[in-house]
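Visitor: Residue-level listing of the chains:
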Amino acid sequence: MRIVHYINQFFGGIGGEDKADFRPEVREGVVGPGQALNQALAGTGEIVATVICGDSWFNENLEEAKATVLEMISKYSPDLVIAGPAFNAGRYGMACGAVAEVVGKQLGIPVVSGMYKENPGVEVYRKYAWIVETGNSAADMRKAIPAIVEMVKVFAAGQTPAPGTYIERGVRVNYMADERGSKRAVDMLVKKLTEQAFVTEFPMPEFDRVAPNQPIRDLSKAKIALVTSGGIVPKGNPDHIESSSASKYGKYSLEGVTDLTAETHETAHGGYDPTYANKDADRVLPVDVLRDLVKEGVIGSLHEYWYATVGNGTAVASAKAFAQKIAEDLHNYKVDAVILTST
Amino acid sequence: MKLELGRIFIRDVAFGAETRVENGVLTVNQEELRKLILADERLVAVEFHIAKPGESVRIIPVKDVIEPRVKVEGPGGMFPGMIAKVDTVGSGRTHVLKGCAIVTTGKIVAFQEGIIDMTGPGAELTPFSQLLNIVVHATPREGLTQHEHEAALRFMGLKVAAHVGQAGKSVQPDEVITYETLPLLQQVAKYPNLPKVVYAYMLQSQGLMHDTYVYGVDVKKIIPTFIYPTEVFDGAITSGNCVSACDKNTTYHHQNSPVIEDLFERHGKDINFLGAIVTNENVYLADKERSSNMTAKLVEFLGADGAIVSEEGFGNPDTDLIMNCKKIEAKGIKTVLVTDEYAGRDGASQSLADADKAANAVVTAGNANETIVLPPMAKVIGYPEQANVIAGGWAGSLRPDGSIVAEIQVITGATNELGFNKLSARGI
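Protein chains in written order, with this note's numbering: chain Y, 24 to 366; chain E, 245 to 672.
Keep in mind that the hints were calculated from the coordinates and are not lab data. Do not take every clue at face value.
[What the hints assert, rightly or not] Reference listing, derived: stretches of chain E covered by chain Y, where coverage requires no fewer than 3 residues with Cβ under 8 angstroms from a Cβ of chain Y:
id, stretch
1, 586 to 596
2, 635 to 647
3, 657 to 667
[Said to hold, decoys possible] Computed Cβ-Cβ distance ranges for the label pairs, DEER-style:
id, chain 1, residue 1, chain 2, residue 2, range
4, E, 276, Y, 346, 55 to 61 angstroms
5, Y, 274, E, 644, 28 to 34 angstroms
6, E, 627, Y, 239, 44 to 50 angstroms
7, Y, 239, E, 465, 35 to 41 angstroms
8, E, 392, Y, 327, 38 to 44 angstroms
9, Y, 347, E, 530, 31 to 37 angstroms
10, E, 622, Y, 58, 55 to 61 angstroms
11, E, 460, Y, 346, 40 to 46 angstroms
12, Y, 287, E, 317, 55 to 61 angstroms
For each residue, glycine too, the CB sits at the ideal point set by N, CA and C.
Here chain Y stands alone, though its shape is the one from the complex (with noise of 0.2 angstroms):
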């Protein structure tokens, strides 16, 4: 097995603090901790070479450094990577998650980390890597290192680390029980009810909760703007909005649309009887109501965008994603608030 190691600066030798700006490099074989690891790994897998990139630099050029890494990993056609251990170091643990990111989705090759469990790099990136769990300090490194080796070597045999070897992913994964659902709910309710032990398939997330803004002081002069996950588009959904599991949002001009009408404008959405919204689209997106309350000057104004995307089975990280871009985009246009509507 071919393995190309991430280090950073402290730990590639270069030095301290004052050495994080150090741009990224590529040695051939190995450096630092690559040679406990090469070592612990013969006859299972080779480090072939080692990246060696600052905790600074990596971070503040993100895109530049994920591009530039991976364009130097993937040169020496690696079967998998090891990133780290960062332990407990911030910087140096989202740099790992970062390239474990763009080396998964790029490569395809699994990326083996080890981190302590509060690195932030845990949370943003643990789908990505493999991240073994270690102490909050290079301390630990006499232990991190044989934990990551027993991992690669799993690799290197063609499994998936079990369950409990590594920090938990949050990747949800299908596969086939052995039982059906209904026998496997009636198995559970029966050990739940004579208080013996069970193992729920579907562990409860925590949930995002988003405090409301302060309400706006005097309407009359405010900028108000439209978005829906109702899926109200122009006839014909110019942008192929899925009707499920939408993989974008369209932005559409409300330049001279006082009403919304069956000739002009429809719904995409597929989760909800769509025969009311497409009489009179109005009724998802009230663009008619707000030209009377701008009329009657009880609004400022209504932005002359909208923003449309299908809520219907669409994947929250989808939905955040697209938050984030509308949001820029209302604030470049210095709308003042915005009325969220849902099916």
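Use these hints to put chain E onto chain Y, whose structure you have.
Guide: Quick look at chain E alone, frame taken from chain Y:
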């Protein structure tokens, strides 16, 4: 209430001069069916196909799947309140043509969807690839509203299934299973030492293509109520929904309701199964609050120690699922939930739209966003270009060679939340 379910194993299906079952072979007279179907003036043309397990056949879009059954003894007829009088069913004797089904398809109502592949990787995810399917493909009259069109197709499926089911009326079944639920106080007294269990049976009720019917009533309009479990075996619950087909219950699923079957399996051994509560998943918050209040109240009133709560659909109904769970658990009654997940194509996103720590015992039927490639089939019944617009597909899902790349969401019954399948998901 006691029901004998006589299963007649069907080994083969063919078109023939008369509709009958002989030595496990079902023959069907197409002309009879055509006359029956076209008696509905909303439909102008119909064609029939037979699709067998292992054949290179794709059916798209699927409206409903229904099992042919017939009442042999006892009150009522198949699909009461829909095509039979509204007598209370679930007692006496019913015969089932096991191993075959009626599959309805046809021109698109709205986002009408669902794929059944009879072979290949898609076939492994739908139970209907294992059946001898009589596929009914109907064309509606021009100018029908979507709601009329939907109703026409729905009734067509039920009528055909009941008609074909008649062929089993006087046939000796291969096996007979007896199910019995006593009136509540007697049932409680029968197994006084076993924990008492109720099934909270959530039904889709979000509108066109998202509706379900109980004794002919649109469940949007019901207040949660008690049913004897055997009532579903006689078609008391029928499906009107197929959008995001992976986790929508076809009529076939209800006729063979798996949680009910598996609770009966442990009935009198480990649990005392008291019966089922049917409830809905309406879109208004007040409806959600009312229905979950009523459901929790009924579970408590029946004296249950535990309840299984099964969801239908995802997203909006996740809130109904969690409300039911929280309110039942708050009464000190233990719950197990059955759901599926929408964790994104990479499996890394949040799976449900609502969550609560009371939901500590959950069975999952898998991540519906996982993608699959369905290879081209020699024969396609229906409209393959629908793959580009159905829930779980995208522009370009149908590829030039006839293969389809899409989420497993497109496959009828793939992540069924009654727990019909073995598919599940785990965290890695």
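Visitor: Just to be sure I understand the hint, the distance between the Cβ atoms of residue 347/Y and residue 530/E should be within 31 to 37 angstroms; is that true here?
Guide: Between residue 347/Y and residue 530/E, where Cβ atoms are some 33 angstroms apart, the hint holds.
Visitor: Is it true that the C-beta distance of residue 239/Y to residue 465/E lies inside 35 to 41 angstroms, as the hint says?
Guide: Since residue 239/Y and residue 465/E have Cβ atoms about 40 angstroms apart, the given range 35 to 41 angstroms holds.
Visitor: Do the Cβ positions of residue 392/E and residue 327/Y conform to the proposed distance bound of 38 to 44 angstroms?
Guide: Distance hint for residue 392/E, residue 327/Y holds at roughly 40 angstroms.
Visitor: If you check the beta carbons of residue 622/E and residue 58/Y, does the distance land in 55 to 61 angstroms?
Guide: holds, 59 angstroms
Visitor: Has the hinted range 55 to 61 angstroms been met by the Cβ atoms of residue 276/E and residue 346/Y?
Guide: 56 angstroms Cβ-Cβ, so the 55 to 61 angstroms window holds.
Visitor: Given the hint of 40 to 46 angstroms, check if residue 460/E and residue 346/Y actually sit that far apart at their C-beta atoms.
Guide: With a Cβ separation near 43 angstroms, residue 460/E and residue 346/Y satisfy 40 to 46 angstroms, so the hint holds.
Visitor: Look at the Cβ atoms of residue 287/Y and residue 317/E and judge whether their distance stays inside 55 to 61 angstroms.
Guide: holds, 59 angstroms
Visitor: That 28 to 34 angstroms hint for residue 274/Y and residue 644/E (C-beta), does it hold up?
Guide: Between residue 274/Y and residue 644/E, where Cβ atoms are some 31 angstroms apart, the hint holds.
Visitor: Range hint 44 to 50 angstroms: satisfied by the CB atoms of residue 627/E and residue 239/Y?
Guide: holds, 49 angstroms
Visitor: Given as covered by chain Y, does the stretch 657 to 667 of chain E meet the bar of three residues or more with CB within less than 8 angstroms?
Guide: holds (count 8)
Visitor: Would you check chain Y against the stretch 635 to 647 of chain E, counting CB to CB pairs closer than 8 angstroms, and say if three or more residues qualify?
Guide: Result for this restraint: holds, n = 5.
Visitor: For the stretch 586 to 596 of chain E, count the residues whose Cβ lies under 8 angstroms from any Cβ of chain Y; is that count three or more?
Guide: holds (count 11)
Violated hints: none; the structure is consistent with every hint.
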